[in-house]
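Participant: Position chain B with the ligands relative to chain A; hints supplied.
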Amino acid sequence: MNLMSWGMYPRIESNVFKFDGEESLKHVINEHSELIPYGNGRSYGDSALSRNIVDLRPKNHFIDFDEDNGLLHVQAGVMLAEILEAFVLRGWFLKVTPGTKLITVGGAIASDIHGKNHHVAGCFCECVEDFKIMLADGTIASCSKKTAPELWKATCGGMGLTGVILAARIYLKKINSHYINQTTIKTRNLKETFAAFEEYRDKPYSVAWIDCLARGDDIGKCLLMVGDFRDDGQLDYRLKPQKTIPFNFPSFALNNWSVRAFNKLYYGRVKERVTRQKVDIDTFFYPLDAIGHWNRIYGKPGFTQYQFILPKETSYKGLEEILGAIADSGKGSFLAVLKLYGEANGNWLSFPMEGYSLALDFKIEKGLFELLDSLDKIVIKHLGRIYLTKDVRVSRETFEKGYPEIETFRKYRKDQNMDTKFQSLQSKRVGI
Amino acid sequence: MSYVLIVGAKSDIAKAIAREYAGHGYDLYLAARNSKELEEFAQDITVRTRRVVKIKELDILDYDSHQVFYDKLEEKPLGVISVVGYLGDQKKAQSDFDEVQKIIATNSTGIISLFNIIANDFEQRRSGFMVGISSVAGDRGRKNNYIYGSAKASLTAYLSGLRNRLYAAQVHVLTVNPGFVATKMTEGMDLPAKMTAQPETVAKDIYQAQQNGTNVLYTKWIWRWVMLIIRNIPEFQFKKMSI
Ligand SMILES: Cc1cc2nc3c(=O)[nH]c(=O)nc-3n(C[C@H](O)[C@H](O)[C@H](O)COP(=O)(O)OP(=O)(O)OC[C@H]3O[C@@H](n4cnc5c(N)ncnc54)[C@H](O)[C@@H]3O)c2cc1C
Ligand SMILES: NC(=O)c1ccc[n+]([C@@H]2O[C@H](COP(=O)([O-])OP(=O)(O)OC[C@H]3O[C@@H](n4cnc5c(N)ncnc54)[C@H](OP(=O)(O)O)[C@@H]3O)[C@@H](O)[C@H]2O)c1
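These protein sequence lines are chains A and B, in that order.
For the first sequence, our numbering begins at 10 and goes up steadily by one.
For the second sequence, our numbering begins at 674 and goes up steadily by one.
Next up, chain A with everything else stripped away, as it sits in the complex (with noise of 0.2 Å):
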């Protein structure tokens, strides 16, 4: 079957295995090497792409959930969005959320994903009490923080190179409303950008638009929105209609014209330095889920993320340089994230640290791999690392460098034979 994931790119011709049982995986397993476990596919580049994947998105039972304490036990093909459907009209939410809804419990484990909050609620992992995995060898583990923590800190985060995580018990958080107060935060420039970041630290939600086109002075003006849930009692949630992009753009569409006229619409749309807003939860967490394939307005050619995090003492020169770099080079990016991290959490593969972590969007077109290499060194020379989740191109050699417990991770997959029996793409360009 021909797969892809949310980045169009690469696209590439795959065995895919579907099963019933816990003894049919095993004997999927048994007989298959090259196998890596298949989400919902929104991770950006080859994460989940390999010569065999086992498809776990037909796994998506509701398996208990406690009233008392939060505590929801799903398979692992389960979607959050599924999750919301169910839990928010009686006045639960996830812990943890990234910009999609559509994500499966199992892949926001693999990736140990973040939201806006992880300033303060740390990465998705943190909210999950134990999770099943079928390993190597075809048995199943049960695998807590305490119980198993090397299988722990190798599994989240660990970009399904470990095994296929079948069912997950993970903790919700209450809300007493679906609307959100937010406040938008008008800059001018970085040095704003970061002051604002730090003002409204104690906010639990919080993330930056950044126009990447500015030049000079205006570099890293932004619009950061925070928030928080309101407490009025007020619990919903209607699907909205969605509006689709039924077919690829030609490429020609998203050129640099494009991407400033956007940047601009959207900047210049906010007039004031602050205001005030009341947002439901798919407006304020899920903006881009509203319009369903947005990823084909790159066109054919497919797209990439590009993310990064710096160390907190090395982020303001680190981001003036990249969008500095970024801006000279005129290649335009849709979108532009900026976010403020807390402390990392010791999973080997997590991502997060403390610091800032930016994500630029770019289409795949003649040039971008030179110019994602370039800022890879700069990020490198800043101490800093790439998300592997949005990953499609990082070397062997600038990945290394950012992930200080590498070779744990290696010496753990080798020791459980996992090395052989779970690849991808990315962990045969990257060498994990």
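Derived from the structure by calculation, the hints contain no laboratory data.
Relax, there's no trap hidden among the hints.
Using 30 Å as the maximum straight-line C-alpha spacing, the simulated DSS-like pairs for lysine-lysine come out as follows:
1. B/Lys893 to A/Lys309
2. A/Lys110 to B/Lys867
3. A/Lys141 to B/Lys857
4. A/Lys141 to B/Lys683
5. B/Lys893 to A/Lys252
6. B/Lys709 to A/Lys35
7. B/Lys729 to A/Lys27
8. A/Lys182 to A/Lys249
9. A/Lys110 to B/Lys877
10. B/Lys775 to A/Lys27
11. A/Lys27 to B/Lys877
12. B/Lys727 to A/Lys141
13. B/Lys683 to A/Lys35
14. B/Lys683 to A/Lys27
15. B/Lys857 to A/Lys35
16. B/Lys709 to A/Lys141
17. B/Lys745 to B/Lys729
18. A/Lys27 to B/Lys709
19. A/Lys390 to A/Lys410
20. B/Lys867 to A/Lys249
21. A/Lys27 to B/Lys727
22. B/Lys893 to A/Lys27
23. A/Lys155 to A/Lys35
24. A/Lys252 to B/Lys867
25. B/Lys816 to B/Lys764
26. A/Lys309 to B/Lys867
27. B/Lys764 to A/Lys27
28. A/Lys182 to A/Lys321
29. A/Lys249 to B/Lys877
30. A/Lys27 to B/Lys857
31. B/Lys893 to A/Lys110
32. A/Lys423 to A/Lys35
33. A/Lys27 to B/Lys867
34. A/Lys252 to B/Lys857
35. B/Lys877 to A/Lys252
36. A/Lys249 to B/Lys893
37. B/Lys765 to A/Lys27
38. A/Lys110 to B/Lys857
39. A/Lys110 to B/Lys683
Since this is a predicted model, take the numbers as computed values, not measurements.
Facilitator: Showing chain B with the ligands alone in chain A's frame:
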């Protein structure tokens, strides 16, 4: 409480229908053969929606059991949806009459047997809805699946007559004609993506159509027009075609 009875509940389309109805606040009877396999799924719906889900054993080919099956339901359902079907093997059926009987009985006679019983009850109570999943294959016989097609044609005609009869009793009958649907039945077939529906979409369409009192639903909608064209191809031409 208000139960909807779903027959053939193990199919992917039935499961999507079950989630759709539970999501709208209905309790469910899920009827199937080897129904024990539905336990995990029933629990799934209960956790998602807090609705009551009861599993019932039913073999649509065991006609004699149908009356007892229906009488034993603790509470009579508000409506019934049959998803039961069997595609069968056309090639085999051309020379093996057992296969023919199985195709006809599963897609038509078995459902008619059960629906007769339920129709009589609904008619008397002057309420209820009945939904039968037929197929576009019943709209015109093609060489690739005309045994299945003729069984579905029989079901379609039955549902049409039933709708006509029960109109006076305000019991609504909905005929569903899916085109291609991505399910276990069609797994491995090379279906055109644009013409193929997901079970969840089919379930949403069915729920809407049933609530709106639609008589005949094609899903995806485009199949209504595709079948209009196919039905209107003159026979002298159709017989030479391979579609
Ligand atoms: C619009 C958009 C916004 C996003 N925003 C954020 C964000 O704010 N923060 C963030 O952290 N990420 C974000 N992401 C990235 C996304 O959350 C991750 O890529 C996530 O892992 C995708 O989950 P998936 O279910 O689609 O998994 P896939 O893309 O299918 O797989 C991702 C990885 O998880 C592994 N995997 C999947 N299921 C299992 C399983 N059952 N067992 C073991 N391994 C498994 C795969 O092998 C692969 O390595 C965003 C993505 C999009 C498209
Ligand atoms: N998929 C399509 O493209 C498509 C297109 C048009 C119409 N349809 C119709 O849609 C319906 C659902 O199809 P599907 O695609 O979901 O395929 P499916 O999984 O094969 O569904 C058929 C269901 O009927 C049940 N069944 C068969 N014989 C039975 C019996 N004797 N007693 C009780 N139940 C019995 C099966 O139960 P078991 O699990 O026990 O076998 C199964 O759950 C069928 O009526 C089919 O004809 C499908």
